[in-house]
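K.L.:
Residue numbers (my numbering), protein chains in the order written: chain A, 1 to 360; chain B, 361 to 765.
Don't read these hints as lab results, they were simulated from the structure. Hints may contain errors.
Stated by the list, open to error - Capping the alpha-carbon separation at 27 Å, the derived lysine-lysine pairs in DSSO-like fashion look like this:
(1) B:K450 <-> A:K239
(2) B:K608 <-> A:K355
(3) B:K662 <-> A:K355
(4) A:K216 <-> B:K756
(5) B:K547 <-> B:K427
(6) A:K143 <-> A:K239
To be verified - Example chain A residues on the side facing chain B (calculated, C-beta under 7 Å, incomplete):
(7) A4
(8) A215
(9) A268
Said to hold, decoys possible - Derived DEER-like restraints, expressed as beta-carbon distance ranges:
(10) B:E706 <-> A:T345: 29 to 39 Å
(11) A:E105 <-> B:D637: 31 to 41 Å
(12) A:E105 <-> B:E434: 39 to 49 Å
Backbone N, C-alpha and C define an ideal beta-carbon position, used for all residues, glycine too.
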Amino acid sequence: MDFALSEEQQFLQQTVNELLQDQCSLDIVRQDAAENETKNQALYGSLTELGIPGTLISEDYGGVGLRLLDAALIAESLGGSVATVPYIGSSVLAPLAIQLAGSDEQKDSWLPKLASGEITCGVALGEHIGARDNTPITSEGSKVSGRAMFALDVQDADVFLVATVDDELHLVEANDAELNRLFTIDKTRSVGELTFDHAPSDSLESSIDSTSTLAKVVDAGRVVVAADTLGAAQSMLAKAVDYAGERQQFNRVIGSFQAVKHMCAEMAAELEPCRSLVWYAAHAYDAIPEDARITACHAKAHLAEVGRFVARKSTEVHGGMGFTDLLGLHYWFKRIELNRQLLGTPEFVRNEAAKVQGWI
Amino acid sequence: MDLEYSSEYEDFRNELRNFLEENKHLSPGAIARPPTNREGSEDGPNPAQRWQQLLIEHGYAARTIPKEYGGCGEAPDPLKTHIIAEEFAKARVRPGHSGDNRLVPTVLELGTEEQKRWLVPPSIRGEMSWCQGYSEPGSGSDLASLSTRAEVDGDDFVINGQKIWTSGAQHADMMFCLVRTEPDAPKHQGISYLVFSMDTPGIEVRPLVTMTGDATFNEVFFTDARVPKNQIIGKRGEGWFVANNTLKHEREGLGDPHQAENRFREIEELMRNETVDGDPIMDNPTHRDRLLQLQGRMLAMKYNGMRVLTSQRKHEEPGLPRWIIKLQGCELNHQMAAMAIDALGELGTLYHRSDHMRAGGMWQQRFMMDLGLIIGGGTAQIQKNMIGERALGLPKEPKVEVKPT
Ligand SMILES: Cc1cc2nc3c(=O)[nH]c(=O)nc-3n(C[C@H](O)[C@H](O)[C@H](O)COP(=O)(O)OP(=O)(O)OC[C@H]3O[C@@H](n4cnc5c(N)ncnc54)[C@H](O)[C@@H]3O)c2cc1C
Numbered sequence: 001m002d003f004a005l006s007e008e009q010q011f012l013q014q015t016v017n018e019l020l021q022d023q024c025s026l027d028i029v030r031q032d033a034a035e036n037e038t039k040n041q042a043l044y045g046s047l048t049e050l051g052i053p054g055t056l057i058s059e060d061y062g063g064v065g066l067r068l069l070d071a072a073l074i075a076e077s078l079g080g081s082v083a084t085v086p087y088i089g090s091s092v093l094a095p096l097a098i099q100l101a102g103s104d105e106q107k108d109s110w111l112p113k114l115a116s117g118e119i120t121c122g123v124a125l126g127e128h129i130g131a132r133d134n135t136p137i138t139s140e141g142s143k144v145s146g147r148a149m150f151a152l153d154v155q156d157a158d159v160f161l162v163a164t165v166d167d168e169l170h171l172v173e174a175n176d177a178e179l180n181r182l183f184t185i186d187k188t189r190s191v192g193e194l195t196f197d198h199a200p201s202d203s204l205e206s207s208i209d210s211t212s213t214l215a216k217v218v219d220a221g222r223v224v225v226a227a228d229t230l231g232a233a234q235s236m237l238a239k240a241v242d243y244a245g246e247r248q249q250f251n252r253v254i255g256s257f258q259a260v261k262h263m264c265a266e267m268a269a270e271l272e273p274c275r276s277l278v279w280y281a282a283h284a285y286d287a288i289p290e291d292a293r294i295t296a297c298h299a300k301a302h303l304a305e306v307g308r309f310v311a312r313k314s315t316e317v318h319g320g321m322g323f324t325d326l327l328g329l330h331y332w333f334k335r336i337e338l339n340r341q342l343l344g345t346p347e348f349v350r351n352e353a354a355k356v357q358g359w360i
Numbered sequence: 361m362d363l364e365y366s367s368e369y370e371d372f373r374n375e376l377r378n379f380l381e382e383n384k385h386l387s388p389g390a391i392a393r394p395p396t397n398r399e400g401s402e403d404g405p406n407p408a409q410r411w412q413q414l415l416i417e418h419g420y421a422a423r424t425i426p427k428e429y430g431g432c433g434e435a436p437d438p439l440k441t442h443i444i445a446e447e448f449a450k451a452r453v454r455p456g457h458s459g460d461n462r463l464v465p466t467v468l469e470l471g472t473e474e475q476k477r478w479l480v481p482p483s484i485r486g487e488m489s490w491c492q493g494y495s496e497p498g499s500g501s502d503l504a505s506l507s508t509r510a511e512v513d514g515d516d517f518v519i520n521g522q523k524i525w526t527s528g529a530q531h532a533d534m535m536f537c538l539v540r541t542e543p544d545a546p547k548h549q550g551i552s553y554l555v556f557s558m559d560t561p562g563i564e565v566r567p568l569v570t571m572t573g574d575a576t577f578n579e580v581f582f583t584d585a586r587v588p589k590n591q592i593i594g595k596r597g598e599g600w601f602v603a604n605n606t607l608k609h610e611r612e613g614l615g616d617p618h619q620a621e622n623r624f625r626e627i628e629e630l631m632r633n634e635t636v637d638g639d640p641i642m643d644n645p646t647h648r649d650r651l652l653q654l655q656g657r658m659l660a661m662k663y664n665g666m667r668v669l670t671s672q673r674k675h676e677e678p679g680l681p682r683w684i685i686k687l688q689g690c691e692l693n694h695q696m697a698a699m700a701i702d703a704l705g706e707l708g709t710l711y712h713r714s715d716h717m718r719a720g721g722m723w724q725q726r727f728m729m730d731l732g733l734i735i736g737g738g739t740a741q742i743q744k745n746m747i748g749e750r751a752l753g754l755p756k757e758p759k760v761e762v763k764p765t
C-alpha cells in the first residue's frame with residue numbers, strides 16, 4: 001500500500017512547473033487575456049516538446065501512454081499557473097474518447113496528430129451533460145446537425161468531438177462547422193458555440209456502446225477539471241499566505257492577526273484533503289473501477305465547493321488589492337469559477353453520485 | 361500509487377477477519393472506556409480485561425509495546441495498525457487499547473525503567489486506568505499558565521490546587537497531572553509532570569455535569585495531597601515538554617477517519633429507513649444533497665488519512681495533512697451528527713426513554729458530545745493558530761504585556 005506520488009510523477013510535475021514558471025508568467029497570461037489568446041503558441045510548443053498533449057495516448061500512437069493520475073498532475077500545474085493552452089478537451093476528453101470508442105483506422109488517423117500537437121480538438125459534450133440553449137444535435141448517416149454550447153478548447157481547433165442526443169460521439173472537421181467563440185469570465189481557456197448543418201462526420205464506432213464510453217470520458221474529465229481547480233486554489237492559498245506575511249497594518253504583519261491567520265488556516269484545512277481526493281479519484285479511474293464514478297463525482301463537486309471558498313477567502317486576505325486587476329488574482333478566481341460549472345455543476349454531479357449508489 | 365496490499369498484509373487482514381468472526385461474541389459492549397479494576401470483580405479479570413488479554417495474545421492490542429512491559433513487542437508497522445483499526449471498525453467490534461494512548465507512549469519514551477515496569481503492564485491489561493489532569497479553571501487553552509502547586513516536603517511533593525474538565529476522573533485509578541513546582545521560573549519552565557493514584561489522601565473528585573446531562577468529566581481538588589518524589593516523569597521543571605508529548609498523541613486520536621466512515625454509513629441507513637410524511641428521507645433532494653456533501657468531505661478525509669499513513673510508513677513527516685486532522689475530523693463528525701438529527705426531525709430531540717427514540721438517542725448524544733470534542737483537546741481556534749503558525753509559517757501574535765485585572 002503506497003498512497004503517494006512516484007518519483008517519476010513528482011519529476012513530471014516539477015518539470016511542468018518549471019516550464020510554466022518560465023513561460024507562463026502573470027505578464028504572459030495578462031497579455032494573452034488581452035488578446036483573447038487561449039493557445040499561447042510558445043507555451044504550447046514547449047509543452048508539446050515534453051509530450052504533454054500525448055500524455056494519455058498510447059505509445060502505439062505516438063503518445064506517452066500514462067494514466068489519468070499523471071494527466072491530473074499536469075492539470076493541477078496548468079491550473080496553478082492559469083495556463084493559456086488547451087488541455088482538458090483536446091488532451092484528455094478527445095484522446096480518451098477516440099481510444100475507447102474509435103476504430104483502428106480512426107485511432108490511426110487522429111491519435112498521432114493529437115499526440116504530436118499537430119492538431120487540437122475542441123470538445124462539445126453539452127448534449128450529454130448540462131445542455132443549455134442547445135438545439136439538439138442529431139445525426140443522419142454520417143452527417144450531424146444542431147447547435148452545441150460551451151464546447152471546450154475551441155480556439156484554432158482543427159477538429160471537434162461532439163456528442164449527439166443519442167449519446168453518439170462524432171468527429172467533425174473544423175471547416176465543416178461554424179464556430180462562434182463565447183467569452184466567459186475566464187480568459188485563460190476558450191469555449192464556444194458550434195453549429196453544424198449536415199456537417200460530414202466521422203462517428204466513433206466500436207464494440208463499446210457509446211453511452212458507457214461517454215460516461216467514462218466524462219468521469220475522466222471531471223477528475224481533471226477538479227485537479228485544475230486544486231492547482232488554482234493551491235496558488236491562491238500560497239499567494240494569500242505570502243501576502244499575509246508581508247503586508248503591514250497597525251505596525252504589524254497582517255498574518256499575525258488571527259482573523260487573517262484563521263482565514264489562511266481554514267483554506268489550508270479545507271484544501272489539503274482535496275489533494276488526496278483528486279489523487280484517489282484519478283487512480284481509481286484506471287485501477288479501481290468500482291470506485292471510479294463515485295469518486296470522480298465527489299472530486300468534481302467537492303473541489304468546486306472548496307475552490308470557491310478558497311478563491312473568495314484568498315481575495316479577502318488581499319484586501320482591496322485582491323479586487324484589483326493589477327494584482328491579477330482574479331485570473332485564478334475566474335478559472336476556478338468556470339471549472340465549477342464545466343461537466344456538471346456540483347449539485348448535478350452529486351445527484352449523479354446518489355444515482356450511482358442506488359439512493360434514487 | 362499502489363493501493364494493493366502485499367500478501368503479508370492480505371494474510372494479516374484475513375487472519376484478523378477470521379479472528380473477529382470467531383471471537384466477536386466475547387467482546388464486551390460498546391463502552392467508550394475500558395472499565396477499571398474498581399468496577400471489576402474481586403475474582404479475576406472482568407470481560408473487558410479478558411477481551412483485552414485475548415487481543416494482546418493475538419497481537420491486535422498493545423502491538424508495539426515491548427514484551428517485557430506486557431505488550432506484543434512487534435516492530436511498529438503503521439499499515440498493520442491501520443488494518444486493525446479498519447477491520448474492528450468494519451466489524452463494529454470494540455478495539456483493544458494500549459493502556460492509555462496519551463500516557464503509555466509518554467512513559468515509554470521518557471519514564472525510568474522502574475516507572476515503565478510499574479505503570480505500563482497494568483495499564484495495557486486494563487487494570488490501571490487514567491485521567492488527564494491538565495486544565496484548570498484559569499488555564500485551558502493557555503495551559504502553561506496553570507497554578508496548581510507542588511512543593512517538596514521531605515520525600516514527597518505536596519499538591520494544592522484544582523483541576524477541571526477532567527474526563528473520567530470519577531472512575532480512574534490514576535492521574536497524570538501537571539503541577540507548578542518552580543513558581544519563580546518562566547511559565548513554561550516551572551511545570552512538572554506527576555503520576556499518582558486517585559486514592560491518594562487529599563484528592564477530592566466532584567462530578568461536573570456536561571450539556572449531555574451526564575457527568576463525564578469532573579472537578580478535582582487537591583488539599584495537601586502527598587505524592588512521592590519519584591513519581592515524576594522527566595525532570596523537575598520539564599513537565600511542559602513531557603506534556604507536549606502527550607498532547608501530540610492525543611491530537612492524533614481525535615478526528616479519526618475510520619470512525620467518520622462508519623458514522624456516514626449509519627446516517628445513510630437512517631435516511632433510507634426513516635420516513636417523513638410516508639416518504640424516505642433519502643427521497644428528499646435537499647437532505648440527500650447535504651448527505652452527499654458530507655460524503656465528499658468524508659472521502660477526502662479518508663484518503664487524507666491514507667496519505668498520512670503512507671508518510672508514516674516511509675518515516676517522513678506528514679506535515680499539513682496531519683495538522684488538519686483534529687480540526688477537520690471533529691468538525692465533520694459534528695456535522696454528520698447534525699445531519700442525522702435533521703433527518704430525524706422532532707424524533708431527534710427526544711431525550712428521555714421512549715419507544716419512539718431511535719438508536720437509543722445516540723445521535724442526540726453525539727451531536728452534543730462532538731461539540732465537546734471540537735473544544736476539548738485544543739479548541740478549533742487553537743488548531744487554526746497551530747496550522748497558521750506551524751504548518752503555514754505565519755507569524756505569531758506579538759506578545760503584549762497585559763497586567764492582570
Ligand atoms: C469534552 C471535554 C473533555 C475534556 N477532557 C479533559 C481532560 O480529560 N483533561 C483536561 O485536562 N482537560 C480536559 N478538557 C478541557 C479542555 O482541554 C479545555 O476545555 C480546552 O483546552 C479549552 O480551554 P478552556 O475551556 O479554558 O477555554 P478557553 O481557553 O477559555 O477558550 C474560550 C474561547 O476562547 C478561545 N481562545 C482562547 N485562547 C485563544 C487564542 N490564543 N486564540 C484564539 N482563540 C482563543 C477558544 O478557542 C474558545 O473559543 C476537556 C474539555 C472538553 C470539552
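K.L.:
Does each hint hold? Answer for all of them.
P.N.:
We went through each hint and held it up to the structure:
1. B:K450 <-> A:K239: Violated, because 42 Å separates the two Cα atoms, which is more than 27 Å.
2. B:K608 <-> A:K355: 41 Å, violated
3. B:K662 <-> A:K355: 22 Å, holds
4. A:K216 <-> B:K756: 48 Å, violated
5. B:K547 <-> B:K427: It is violated: about 38 Å lies between the C-alpha atoms, which goes past 27 Å.
6. A:K143 <-> A:K239: At roughly 49 Å apart (the allowed maximum being 27 Å), A:K239 and A:K143 break the hint.
7. A4: Holds: closest Cβ of chain B sits about 5 Å from A:A4, inside 7 Å.
8. A215: 18 Å, violated
9. A268: Holds - the Cβ of A:A268 comes within 7 Å of chain B, reaching about 6 Å at its closest.
10. B:E706 <-> A:T345: 29 to 39 Å: Given range 29 to 39 Å: holds, Cβ gap about 33 Å.
11. A:E105 <-> B:D637: 31 to 41 Å: Once the Cβ atoms are compared, 58 Å apart, the range 31 to 41 Å for B:D637 and A:E105 is violated.
12. A:E105 <-> B:E434: 39 to 49 Å: 59 Å, violated
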